[in-house]
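Residue numbers (this note's numbering), protein chains in the order written: chain Y, 1 to 341; chain E, 342 to 678.
Bear in mind the hints are in silico, worked out from the structure with no lab data behind them.
Note that CB positions come from ideal geometry on N, CA and C, so glycine has one too.
Among the clues, some could well be false.
[Stated by the list, open to error] Restraint-style ranges between C-beta atoms, simulated for each label pair:
id, chain 1, residue 1, chain 2, residue 2, range
1, Y, Lys265, E, Lys624, 29 to 39 Å
2, Y, Glu88, E, Asp607, 35 to 45 Å
3, Y, Gln94, E, Asp574, 53 to 63 Å
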Amino acid sequence: MAENRKNAANDTLIRVRGLKTWYPIKKGLFKRTAGYVKAVDNVDLDVYKGEILGVVGESGCGKTTLGKSILQLIQPYEGQVIYGAGEEGRDLMQMNKQELNQMRSRMQIVFQDPYSSLNPAFTIFKSMQEPLIRFGMKSKRERKEKIAGLLQAVNLPAEYMERYPNEFSGGQRQRIGIARALSVSPEFIVCDEAVSALDVSIQAQVLKLLKELKERYHLTYMFITHDLSVVEYISDRIVVMYLGHIVEVADTEELFANTLHPYTKALLSAIPIADINKRRKRIPLQGDVPSPVNPPAGCPFHPRCPECREECRKEAPKPATLVKDGRAHIVCCHQVQAEIS
Amino acid sequence: MENKDVVVSVKDLHVNFYNNNRCNRVLRGVSFDLKKRDIMCIVGESGCGKSVTANSIMGLLPELSRIESGSIDFYYQGRDIRIDRLKRKGKEMRELRGSGMAMIFQDPMTALNPVFTVGYQINEALMYHNQAKTKKEADQMAVQLLKDMGIPLPQQRVKEYPHQFSGGMCQRAMIAMAMSCRPKVLVADEPTTALDVTIQAQIFELMLELKNNNDTAILLITHDMGVVAELADRVAVMYMGNIVESGEARAILTRPAHPYTKALLDSIPVLGRGKGQKLEPIKGSTPDPYNRPKGCQFAPRCPYATKECETAMPGEQTIEEGHMCRCFHNLLKGEGI
Chain Y
1 MAENRKNAAN DTLIRVRGLK TWYPIKKGLF KRTAGYVKAV DNVDLDVYKG EILGVVGESG
61 CGKTTLGKSI LQLIQPYEGQ VIYGAGEEGR DLMQMNKQEL NQMRSRMQIV FQDPYSSLNP
121 AFTIFKSMQE PLIRFGMKSK RERKEKIAGL LQAVNLPAEY MERYPNEFSG GQRQRIGIAR
181 ALSVSPEFIV CDEAVSALDV SIQAQVLKLL KELKERYHLT YMFITHDLSV VEYISDRIVV
241 MYLGHIVEVA DTEELFANTL HPYTKALLSA IPIADINKRR KRIPLQGDVP SPVNPPAGCP
301 FHPRCPECRE ECRKEAPKPA TLVKDGRAHI VCCHQVQAEI S
Chain E
342 MENKDVVVSV KDLHVNFYNN NRCNRVLRGV SFDLKKRDIM CIVGESGCGK SVTANSIMGL
402 LPELSRIESG SIDFYYQGRD IRIDRLKRKG KEMRELRGSG MAMIFQDPMT ALNPVFTVGY
462 QINEALMYHN QAKTKKEADQ MAVQLLKDMG IPLPQQRVKE YPHQFSGGMC QRAMIAMAMS
522 CRPKVLVADE PTTALDVTIQ AQIFELMLEL KNNNDTAILL ITHDMGVVAE LADRVAVMYM
582 GNIVESGEAR AILTRPAHPY TKALLDSIPV LGRGKGQKLE PIKGSTPDPY NRPKGCQFAP
642 RCPYATKECE TAMPGEQTIE EGHMCRCFHN LLKGEGI
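Construct the complete structure from the given sequences, taking the supplied hints into account.
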């Protein structure tokens, strides 16, 4: 399967083409649009069926916006988000509200903060039954059975459905959030920093659970996080983002073994490794991430790049695809392109 | 004073919090020594008492709390100061804070006062501790400090307000403030948790520089084992108000003796170990602090627990030179230690 996956349209679940999510900046008395925050700028991305796609980057690089734009929870500015393989594929951006609402049963999201994503005034049953009612499960007994089953799937006793969110710990709430996302039998789940708010010992429980559920329900995940060690553990493929752009996409092993983009290299070297025998040299990055309101001309990374060249300042690099053992490794960098050709 | 290099010595510290007519025994006998030029890391899950330990040293415990017993000795300028006996808001404590010992807080955006310029806030410490005689001198020192921290355009930046700084820059300004009087002890309470990894690396470079140039002892509180492996000379692992294991960083990370330390290390994904690495989650969750287990706090979650563990908290055992563990079944026992 691995050999022909690159071009196999049948395997793609979601195709994102030229996606731009720009937030307007309003100014003055008449709320004139003075400029845009280019949170996601010109992103092309394929999500394959049955994979766990990790999205990493620093805060403010547009990871969450990308996830929410794909689900149409944020209205993108322009571009295409084609859901479904080959002929069946339909552009989510062209759908009207009703059609989109129907699509919601196929794609779900697990939010970062398990404390604010559950309504404190509702019991777990009440919170969880809403999507079921929405998608036509009329009988209350049926709903109860379904929710009991879901809670058991995430290793919680079924009796917990009568309780309120404040009675649960962070890890338990996150599992309830996952159960709620699963309730409409989706194919695609965006996990937006789903384990970042949890303690390390609980994090491992939730990560393991997510992996098990993926196998059991044949899910596809888009796993958004800033923690590269988590992403290495869970993902099949990794997308590295910087300032609204995708800078590198590769299979997990490939990305770690053969890092190409200077930003990815610096990012990897900056991470403290919990293995004392592996202290290595850091590549220090100067300064902060520039503001997405006024992104630098040319390559977005050039002001901090240790290998910055003349053309990087002028022209934004185009994605170059390297094919190794039939798997694509996409990188956006002039330096790397020069080395290849 | 037993050892000349010891700067802070905490002995059998008990701290209670009194809330809603209930008493939470937050620290239950914490002891450690902090040495000159040493980076000591305290690791543990949230709620285990890491920050309370740091705040007791700085005399910053909240109103409804009390040091019940134990002592904190601070060896400063040839004197032996009992911090636990000083009034928290008294004159002596104020003189120590900032000059003898300084602290970096977790959230740089909220730790700085939003209505004063960054320069003003740095000057405050300098003037109070008589590091600068005139305001002009203080201004110059503040600019120099920001420059040392690698903030671009420091002349302009001192006149700006915290909201004009990014998170990383705020944290650097905080470190500048903390280091302004060259303290002997720097307490850093999760200094990089709110920051991105590339910024985190910059902050760590700064802290290492300060340690080497000023002989500062650093108490670094973190929950990230990666940070420990990278920076720490010594580590103390805390669980529910006790230090369950402490020792040299290499020993703790490679040959943990306490089941909790081992479980903690097994439950985190380590970069570079690949996709197939095995994660062993710790079962259950941390107990309710108002309803604690009777004996060893970790017993209900521990795979090695026996009857003995449920009755009493094990005492401190030295299992090898400088390696302490509180467990009846320490994992190095089989190795003849």
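Fill in: Cβ separation of Y:Lys265 and E:Lys624, checked against the hinted range 29 to 39 Å
holds, 38 Å
Item to complete: Given the hint of 35 to 45 Å, check if Y:Glu88 and E:Asp607 actually sit that far apart at their C-beta atoms.
Response: With a Cβ separation near 44 Å, Y:Glu88 and E:Asp607 satisfy 35 to 45 Å, so the hint holds.
Discussion item. Please check whether Y:Gln94 and E:Asp574 have a Cβ separation lying inside 53 to 63 Å.
Written reply: Since the Cβ atoms of Y:Gln94 and E:Asp574 sit about 60 Å apart, the hinted range of 53 to 63 Å holds.
Hint violations for this structure: none, all hints satisfied.
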